[in-house]
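Chain residues, written in single-letter form:
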Amino acid sequence: MALFGGKTAGFREAKGDLRIVEVTKSFGDFTAVDDLSLVVPRGSFFALLGPSGCGKTTTLRMVAGLEEATHGRIFIGDTDLTGSRPYERPVNTVFQSYALFPHLTVRDNVAFGPKRRGLANATTLADEALDLVQLPHLADRKPAQLSGGQQQRVAVARALVNRPEVLLLDEPLGALDLKLRRQMQVELKRIQTEVGLTFIHVTHDQEEAMTMADTVAVMNHGRIEQMGAPEALYDLPLTAFVANFVGQSNLGMGRIIDSDGDHYVADVQGTRVSIPKARCQVSSGDVLFGVRPEKVKIAVSRAEAGRNDIPATVVDVSFTGVATQYLVRVPSGATWSVYEQNLDIDPIDLHPGDEAWLSWKPGHAFGVPVDESAIKVATDAPTTTPTVAVGPVTASSQGPMAGADPR
Amino acid sequence: MSALAHVAGGAGGGTDQAPTERGRSWLPYLLLLPGFLWLAIFFVFPMIQLFTVSLQSQFPGYPGYYYRDVNFHNYLDAFTQFAPHFGRSLLFAGLATFFAFCLAYPLAYAMAFKAGRWRNVMMILVIAPFFTSFILRTIAWRQILADEGPVASTLNALHLLPGGRITETWVAVVAGLTYNFLPFMVLPIYASLERADARVIEAGGDLYANGFTTFRTVTLPMSMPGVLAGTLLTFIPAAGDYVNADLLGSDRSTKMVGNVIESQFFKVPGGFPVAASLSFTLMALILVLVFVYIRRFGTEELL
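Chains L and D, in that order, are what the protein sequence lines are. Residues in the first sequence are numbered consecutively from 1, following our numbering. Residues in the second sequence are numbered consecutively from 1001, following our numbering.
All the given hints hold, so there is nothing to weed out.
Using 20 Å as the maximum straight-line C-alpha spacing, the simulated SDA-like pairs for lysine to any residue come out as follows: (1) L:142 <-> D:1217; (2) L:297 <-> L:333; (3) D:1267 <-> D:1062; (4) L:142 <-> D:1297; (5) D:1114 <-> L:28; (6) L:115 <-> D:1211; (7) L:295 <-> L:348; (8) L:361 <-> L:299; (9) L:142 <-> D:1219; (10) L:142 <-> D:1196; (11) L:297 <-> L:355; (12) L:115 <-> L:11; (13) L:142 <-> D:1298; (14) L:142 <-> D:1221; (15) L:115 <-> D:1220; (16) L:142 <-> D:1199; (17) L:142 <-> D:1195; (18) L:142 <-> D:1220; (19) L:115 <-> D:1221; (20) L:142 <-> D:1224; (21) L:189 <-> L:149; (22) L:277 <-> L:262; (23) L:142 <-> D:1197; (24) L:295 <-> L:362; (25) L:142 <-> D:1225; (26) D:1114 <-> L:68; (27) L:115 <-> D:1219; (28) L:297 <-> L:327; (29) L:115 <-> D:1217; (30) L:15 <-> L:41; (31) L:361 <-> L:238.
Simulated from the structure, these hints should not be mistaken for laboratory data.
If we strip away everything but chain D, and leave its shape as in the complex, we get:
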């Protein structure tokens, strides 16, 4: 009996242990491999490629032909020439983030605390636009805001529209950006509010804070992780967006960096190095801004 147990135990140990040990050491790498490969092929390699393009120089007299170089002048040229577009991108993205926050917070608050059985319906309504193409929805906005459209004609009739039109102005571009990135603001804020313990908010009232003070000192701080995530998810893609400025804005006054990059890549002969250096400059600017923002508003618990 004991011999049998011994044999069984030994065999079990022999066949069980070795594979688990090997599995333990290899499994994490195996799981990471597809992701690593994906990122290497579709992110790291194109980034290096793009970076080398950004340093290329043109063959004098042959527009559209380049040679490999280390020409940082592209960066200086790109930045000085297109500084207004950078400014506009950051400004429009900032405005859109602000307006999206103003719209999203009450909506998320209502969904989390007041919606009751309508909560799921509201959630679907927030997500529903994703079932339609981003481009199509933006084109729809062009019709809504068009000169003969309902909004512009009503405002004109009331003499409330100084320029006479909405499209081709920054208002239309910011409105489009706000609309398109609103769900990215609503969902993280909703998630953080929904996670908040209702008793903690009650405790604010119990400790002599009225409704508004409780909101200011308890509810809002508790939802800051969601606000931080929402603003980043809105600001970063909005700063690089070019569809809204293209479809709703004008060529002269509302062009953003994204539009410049697009036209340098596809429309301007010999624009490749400039477009590439613009892309890197935009990336660097956003990284710096996000870093400063997180250092200012985020704490380690919030991230």
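Chain L on its own, in the form it takes in the complex:
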């Protein structure tokens, strides 16, 4: 921060979509963000999802102007913001640690932005913003007198009060406990709908990203692996990393050996499986086969025709009320997981040690390019199923929600 900046804040009005064009950010030898291009439509709730160190926070800080891009340009609408100072940008940030001014009251914290922009009604605007986050009764307190959740709301109000063209949220819920986090997810979504601003939410929690955002971009090693609606990302991962990072996947290393109409036939550790061509990212050679745990049915006897199946041994059964999670060992020695909703009147009579059959509709299968490092990254995280084998593997999502029911 320069001790003596320019006298007048050269505030830039800009309206429109946020466009990040071929942006690279290097810190010495380390490339945090690698040739990233991205368009965030105006008024959308956009999530940048990825493990720590993937470049998502750096991307956010470049949009805010707190970091300077090494290459590339950042636009809002047609206004080029590259190289402008943070205080010149119509962008505000909700910091991970909230970064409230400790010497100011809650009201003065929120009024800080409007006051700097010389608005006469700064205090009125601040009170309105505090109404929006439902904290008007705490306006005269100092930040130190608030709970974590309340500080978080103040941080949101302090950014929102400026009606920025883009609001940046840097893991804003990371420090909150689970219940409060769920509550704030709903709250933030409500506020976004109410004010209609562009929200960019950075998080490593895939569940949080999927619950809140219209569009999720999954980042890894400074690049976007896949971008799309949460449903699309979950239903059809395009890379091994996304298959592992967004939700859980039962994976198996195999080879494409045949083509049958609109399906490829692959050999996965001696089991023949079908993958729809539209859902397979490779057309020949090695493939990483995957199917989501809730798409797999478990049964005592072999299923009817029209489904792919493999035999398995039950390792663990956990009853969660709405569903039952089975951990099973497949012939290759890896562990798969299976979610069964408890819909039947007679529960499935399976116990650890029992032999069972797993089956799934071929339409639910997907195939992604083999990427050992991505499988490893995702499976190194603490999971309920730590087994990784050359054959079919199960990998679960990272983050604090690891192991939770993805539905």
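Mind docking chain D on chain L? Use the hints.
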């Protein structure tokens, strides 16, 4: 088995609990005792002693001999006679505090935010003077500022020194005070800046404040606890200092209260009661000023 557990539990409870309870009630007092004793012997007792001295009267006709009395006239005499010295002490201390602040803040700011890997080196440089005696360093300043010394001769050559010399003037005394108490200003300010969350300062920029406005509205207020501590740590000892005025100033125009107390105690026959009452008056003045200052600039969170 259960009997054994019972016996063991009972014995454990019996031997464990009693000592901890006794320890709990005695330990704080025991820990405070050395400090209390120290303060009682070396602070409270001499203060009472000094106070009784300040009220003594002289035996008429026997300079240097006193009798126990309750003579508040000493205070009136001391204050009226040495009012200019009191004024000078407070003024010089105030100036030194101001200049030390002006020098220390940028230095502390640079150390906290800009120094990078040089931070520790700078910290050592700030503390290093303490390895040499205070008196020696002040004598060194006398040589630096001396009439034939580099500073005075350069300024004289440029005709920028109206009186022709620096030593024996208030400039030298204030410069000496500023120099000697600078670390006491730098360290608390540095500590408060260093503790400040960089994100909070970034938030200022994010919320439309340019560099200077962020400094004025965020960084400076956040470092106020350090500024308050630094100014007090500089002003209070500077107001009572006599070494700088003695070594760098003149006998006539730059004497501070400290010098008067020193000479009344050690050089003027019969000066004890006056010196003692001067000491108490100075203490009272500083207490009042500090109290007003803290009420004005300090809030409960800042202290």
